[in-house]
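With chain A held as given, fit chains B, C and D onto it using these hints.
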Amino acid sequence: MNIPVLSVMTWAPLVAAVVVMFFARHRPLLVRWASLAGATVSLVASVWVYWAYDRAAAGFQFQEEIAVVPSLGISYLVAVDGMSALMCLLTSIIIFAGVFASWTVKERSQEFYALLLVLVTGVYGVFVSLDLFIFFLFYEIAVLPMYLLIGIWGSSGEVRPQGIFGWAMGRTGVGTKEYAAMKLTLYLLFGSAFILVGILALYVANGSQSFSFLVLEQVQFDPTLQSWTFLAFYIGFGILAGIWPLHTWSPDGHASAPTAVSMLHAGVLMKLGAYGVVRVGMALLPDAAVDWAWLVGTIACINIVYGALSAMAQTDLKYVIAYSSVSHMGVVMLGAATLTPTGLNGSVFQMFAHGIMTGLFFALVGLVYEKAHSREIFKMGGFATMMPGIATAFTIGGLSSLGLPATAGFVAEFLTFLGAWSSAYQWWLFPAVIGAFLTSIYVLRVAKQIFWGPKSEDPHFQHLPDAVGTEWAALGILVFVLVVFGVMPSLAIAPVDTATVPLVERLTGR
Amino acid sequence: MMNDAGLFALVSLLLPALSFLVLAVVYPFRRLGRPAAWFSIACAAGSLAAAALAWDAHADGDVSRLLWAWLPTGGEVLATVGVLADAQSTVMLTLVALVAFLVQLYSIGYLSDESPPALGRYYVYQSLFAFSMMGLVLAPNFLQLFICWELVGLCSYLLIGFWYQRPSAARAAVKAFWITKAGDVGLLIGIVLLWRHTGTFDFFEMRGLAESGAIPLAGLSLITFFIYLGAVGKSAQFPLHIWLPDAMEGPTPVSALIHAATMVTAGVYMLVRTEWLFALTPDVLLIVAFVGAFTALLAAVLACVQDDIKRVLAYSTVSQLGYMMTAIGAGYAAAGFLHLLTHGVFKALLFLGAGALIHAVHSNDLKDMGGLARRMPQTAIVFVIGTLSLAGIPFFAGFLSKEGILGATLAGGLMAPFAVLMLVAFLTAFYMFRVVFLALFASRAMHASPLQPADASPIHHDAVEATHGSPVHDPPATMVLPLWILAIGSVGIGLYFTFVHPEEEFVNPGWLMPAAVVTAVAGIALAWMAYQKRSIDAAGLANAFAPIRTAALRRFWLDDLFEGIYNLVFLGFSKLVGWIDRYLVDGVLNALSAWTLTAGDDVRTIQSGKAQDYVYGVAVGLLVLLLWARWVLA
Amino acid sequence: MGLNAYLTLAAVVFCIGLFGVMSRRNTIGILLGIELMLNAVNINLVAFSRFVGNVDGMIFTVFTICITVSEAALGLAIVILLFRVRRTVTADHLDLLKG
Amino acid sequence: MRGTAYELLRLLLPEVTLVGLAILVLVAGLISRPSTGAQGQRPIAGWMTFVGLLAIFGLTFFIREGSLFGATFVLDGLAMFAKRLFLAAAALSVLGSLTNPQYPFARRATEYHFALLVSLLGMLVLASARELILLFVAFELMSIPLFLLTGFLKKDAVAPEAALKFFLVGTASSAIIVYGLSFIYGVMGGTMVESIPRALASGHPLMMLGMALLLAGLGFKIAAFPFHMWAPDTYEAASTPFVAWLSVAPKAAGFIALIRLYIEGVGPEALVWMPVVSVLAGMTIVTGNLMAIPQQNVKRLLAYSGVAHIGYMLVGFAALSSSGVAMMLFYLVAYMFGNMGAFFVVEAVARSEQSDGIDAYRGLAQRSPLLALAMLIFLLSLGGIPFVAGFWAKLYVFLAAVESGLYGLVFLGAVLTVVALYYYLLVARSMYIDAPTRRESVPVPGLLGAAIAICALGVVGMGVYPGPWVDVAIRAASSLF
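Heads up: the protein sequence lines correspond to chains A, B, C and D, in order. Residues 42 to 551 in my numbering are what the first sequence spells out, letter by letter. Residues 62 to 695 in my numbering are what the second sequence spells out, letter by letter. Residues 115 to 213 in my numbering are what the third sequence spells out, letter by letter. Residues 9 to 489 in my numbering are what the fourth sequence spells out, letter by letter.
Don't read these hints as lab results, they were simulated from the structure. Keep in mind that this is a model prediction, so the values were computed, not measured. Mixed in with the good hints there might be a few duds.
Said to hold, decoys possible - To give an idea of the interface, some chain C residues facing chain B are shown, with a C-beta separation under 8 Å as derived from the structure: (1) Val135; (2) Glu149; (3) Arg200; (4) Val203; (5) Asp206; (6) Gly213.
As the list claims (entries may be wrong) - Partner residues aside, some chain D positions facing chain A, computed with beta carbon under 7 Å: (7) Pro394; (8) Leu407; (9) Val410; (10) Tyr440; (11) Ile441; (12) Asp442; (13) Gly475.
Unchecked claim - Residues of chain A placed beyond 10 Å of chain B at every Cβ, according to the derived structure: (14) Gln102; (15) Ala108; (16) Ser112; (17) Gln261; (18) Pro446; (19) Ile534; (20) Arg547.
C-beta: ideal position from N, C-alpha, C; glycine also.
The shape of chain A in the complex, shown without the other chains (with noise of 0.2 Å):
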């Protein structure tokens, strides 16, 4: 096969954008069909990708390499191994879900729909590229038309300035959508500050030849060097991948950002983070790797039980699931620290199954917002009876969260419990089981608010529609997946083996 399949998936979405953007001018359904067939395009490349990818051979395959700049070793070379082509795999779900999702978009449709394509270009051009610099590239694409997309399909939420520090939030304006849509875009490109200069001095220190992770793969760095690039990839990535305390900005985001938005970043752009500290932070610097686990993986046990605790603190629907992102995340990045196969076959497996989830999430919270036109969680009440495929729904999603078996969630936290018992840090096994008993707390005591309890007294809500037409495909698309992969992980697993047991020989066999 000599279709350059990966370079279909990546472009796709970006080809259907500029159709959006000049074809479609006030022609709603035309915007709309393009870019599901963007979308449905990138599904089909990379549900075949996973299919056909060779897993005996394991490695990298379907690569494709084109000079960009020789004169400084700049080339668009792509490749998936098992870890990236189970990324590409969700993001094309969740896109595709999300071109559902975000169906029912009103004003100015035609350019949501081309920036949140332009988006995901990005994301699918981070996780195939193996060029560093085409990858950090992309990956400022993938970042910056939040901007816009928050800025202005956004929501705003309400939050007092107060505290010692209140004249700031004031002055920076609080809980505002632009507040959110500025404070996401400027934190995730400090962090990528970090990246470049991380990116440039290994360049450099591989004496400016190539900026190819094959490449580079195989220098050996000096430890210096190796530790600081490693904090520097650490802090950058970390930052889009919520670490605590530089996690800040995804709670706001999240909440501000229109449904088919959040559900993106939180469900795949989240999981960039994870993947570039994985991928390029561990891969290309194991000592460093190994010297740093002790840091990475504290903060992320701080995240697990942090993020679980704030969850359960706030009042706002989208926020709990913001934290909840937050907390999953830690499991995500203490999987990676633990340096072990199961530890990291778990760590990947959650970013997948957390971008589902979170994906899902995100997708109701859309639809009671819509229906309910509320996301105070302790004034409504009692929804079961009148949307009961939402409340399944949401249940489904929030069982998993807490980590129940046969969904998803369970094994991707069963596993990396595993792996952090044999690390060399045992204790994080408990902070990290902790959190998945405080997330069931907060997520039942949510579901059996809104949901499964008793009926709210108040008139608006006495009669809801329950889900209808396109926003049961974002449903069911991602339940489905939620359900299948927690029942059958060999799925997800076994090509992400082939991916994860040759870092951790290197990592450790060093």
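Then chains B, C and D, alone, in the frame of chain A:
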């Protein structure tokens, strides 16, 4: 190494799964209600048959395992799923299948007032429960055990909250889930540690290691203790027993199936399954025994003061679970397992009977009952049979198993627990017959209960309005049939054991049987005098034990304790963290950005607009450069 | 008299000129300051060319003078223009543009 | 070597033709006096200039490298590159100003274009000057018309003020420059640039003094902190298309001079400048970005961001390496497209809204999407976002700096990019997020539109496929080492 036992077991496991899938996925079919229900029942029946065949097919001693790779890692298989059919699992499987089938049948009648969609939902949960419980029973390794363990917990949550519009039900559901989950945290940790300790999840391999002494004992006690914590949560041992009484908010058949016969016994079953592991850690077994005995006593006392018939049964369940645990702790898991089986049968019977009564009078409260024996003869008969079994009267199911447990405790040399259990036996007989007399025989006018319940017994309001004032009579066939089957079961088991004495690995002292019988009869007698003949003033009896009673009515403040932990520790702490996150962690960030903005304002003031100031700028820059040049030369 | 004497003189003149540019209120005065600076440069160049012993410095000086003149002319033009539109030639008053 | 007339003509072709063009424009203007107050007429002078410039730009491709007058005047890769840059920028600016409706432009187009051409001539010569006197003269030839052009709107209240400020600071700095040159001459005993390295190696104090003075003077021309203060005021007051040019060409010229004097052939001695230039770069980046944050006037905002960009170019310069210079040249081109494009959009908006304020851009995306998109692209390019020129530009200078081990500087620059994005995004917010106050779209004159389109194409083209541009820059720089 597999024979048809394994296959039958597999079949009986997969049938409920099939019905679950069909009902869950085929939305319109589920919404039909009754057809869905019958489909599920048919599957249950099929799985019962298969289970019976499996039980029959398994030849003594041999074990059949069917395994499929489930979770690969590091190039090899990390965990498998499958079926492990042996003596224990097949008989347990049969019990589960039987009760599940009967309960599903019974529910058709019991839930006749429900709307079709609700009924469909109910049967989805039922099928899922049947599947996961069977999966648990047949689990070949700790991982599958845990998976199904969690799933049954989920079903319990869903079914307790089946009438989620009732606040109490919604509360009880989450309470049950959280409390058991707390125990599961222990179990999960235990499993992870054990995996690291032995390198496998598989019972079979692990047992091999254990028996060859290949498992290092260092730190094993901790591991088994963690695992035991799981059992504490699931099998409602002190102090995590508090969820079980509240769980009675669910429909009565659910209580019969999940909270009496099967799920709550999962903890016991797990310990029975892994006795060879616990045998390595006698210290933990001691804890198990003492906690079990204490739980039995506590629950028995609590049962004495309840006016809600279901709560009485719930506490008696807790108490009986304590019994089983004690036997296991004493080192004779077989005895505990036997009691588990018999208890499963007659406790299901009792619950279903109680359900029939509740269904008739639309109330859980003993005060609303009385003299029902005349109007509901069949129910009365079966209920009494159940009660006799529970009280441990000869020729009934409970008798021998109970005696077995007492003997086991004795043989284990645990004197204190033995004494406690004897007392509990007395109390059991007392509170059960209190129920019998108050509900069935003493006429309603006659008894004015001196025991005001601490918590107003929740009444199934909508049902009351639905069929108010309808004459009280025996329930329809679908409900009576299961009652009789179970009743015959408990009598049958009783008789069977009286003639075919199950061999025990210990010998009971001759005086044990009489003693047990006497205790039971004494309890019955007291109840008779207090609530039927009224020769003893119940109030006086109550006052005699006033302090204990008040404490019992407040449930020994355990619920309050947990409530407090939830409110203060979890919610309070979370509020704190939330505040910190928003106003400190995020605040610092905002402060930095705000400072940047301010800096912008400040710096621009040097741009005064006066031409000469600009020249100043140039001059200053020049000066600096010159100084630098000077410094370079130096 | 050595080269340093000339250089010092030039430096002094240059500094005076610069000081004038920065301190005079009247725009014309500022222009004069600039003239001073440029003349200091001329002194420098001539002195150097004398001591180095080639004429490049002289040539440079000639060019500098020409440029100085043209700059002065342009400067005065601008001042006049300013006086037309703003009715003032005081440097401090010319701060509409700032920040 | 002494060039024959042919040699002479061949090497001086651009300059000679430019002089011719200037005279032609002047004469043409004299004979065809426009009817007084004729609004919006097509000034013949403008067209002639534009066409002429294009022609000369074309001619630059027919001249070979070489040198004249005993290497006083050289045509090396750098010179070629610079000349094309100047010509291109000038052509763009003229294109943008052709339809300028402001009265003076219609009335006195001749003078405007003549002055512009003369200044351009100065730049072209400067690019090739390898001799101090010639360099200084070229420098002044470039500067003096700029003062004049700044005050071109002479009836305007602020333009003359800006002109005065520009003039005062400018002449003061040229005094400083020439003062520095005098010392250099004194130490070298000659005025040929190629003898600088030897003198520098001798480490004579006066030499250092002279170089320091020179650096200060050039610092003014490229508007590096703290010599930048004239820039914002000048930009704000002068006519926008001219500012677009002013913000690019003279700065480029300044950098060329810097390269010629401080790097070319200096070798290891050059490293002595690394710390001071680094500090200069860092401070310029910080202050430029910080001061841009609170700006409400887009022209001022762009002015300050321009200062910051100079800082980034200085980062490339601070690397003091072949790749550093190359990356800096690349940055210049990217900056030319991005910055001029942005200014042209400002011009377009200002003409319809009569305002340079950020508020004038409210909801531009819904009024005229393409214009908004163009602006967005330019801003992103200036902000250094992938797939537009600015990204590669920043990246390359950072790369060069890292190669020279300036990690701190690179990190500072990278972080400050975020601050820069903050104020660029403020404009983007106004265009895309805020609701428009008026519905009808902004009218864009065809020629101005063309100029914008060219810039947009340049930005995107360089962004998507930077390879060839980089190679050109590298080739241009390679001639220096």
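The hints, checked one at a time:
no., hint, result
1, Val135, "holds (5 Å)"
2, Glu149, "violated (15 Å)"
3, Arg200, "violated (13 Å)"
4, Val203, "violated (12 Å)"
5, Asp206, "holds (6 Å)"
6, Gly213, "holds (5 Å)"
7, Pro394, "holds (4 Å)"
8, Leu407, "holds (6 Å)"
9, Val410, "holds (4 Å)"
10, Tyr440, "holds (5 Å)"
11, Ile441, "holds (4 Å)"
12, Asp442, "violated (9 Å)"
13, Gly475, "holds (5 Å)"
14, Gln102, "holds (18 Å)"
15, Ala108, "holds (36 Å)"
16, Ser112, "holds (34 Å)"
17, Gln261, "holds (25 Å)"
18, Pro446, "violated (4 Å)"
19, Ile534, "violated (6 Å)"
20, Arg547, "holds (14 Å)"
Against the hints set out earlier in the document, violations occur for numbers 2, 3, 4, 12, 18 and 19.
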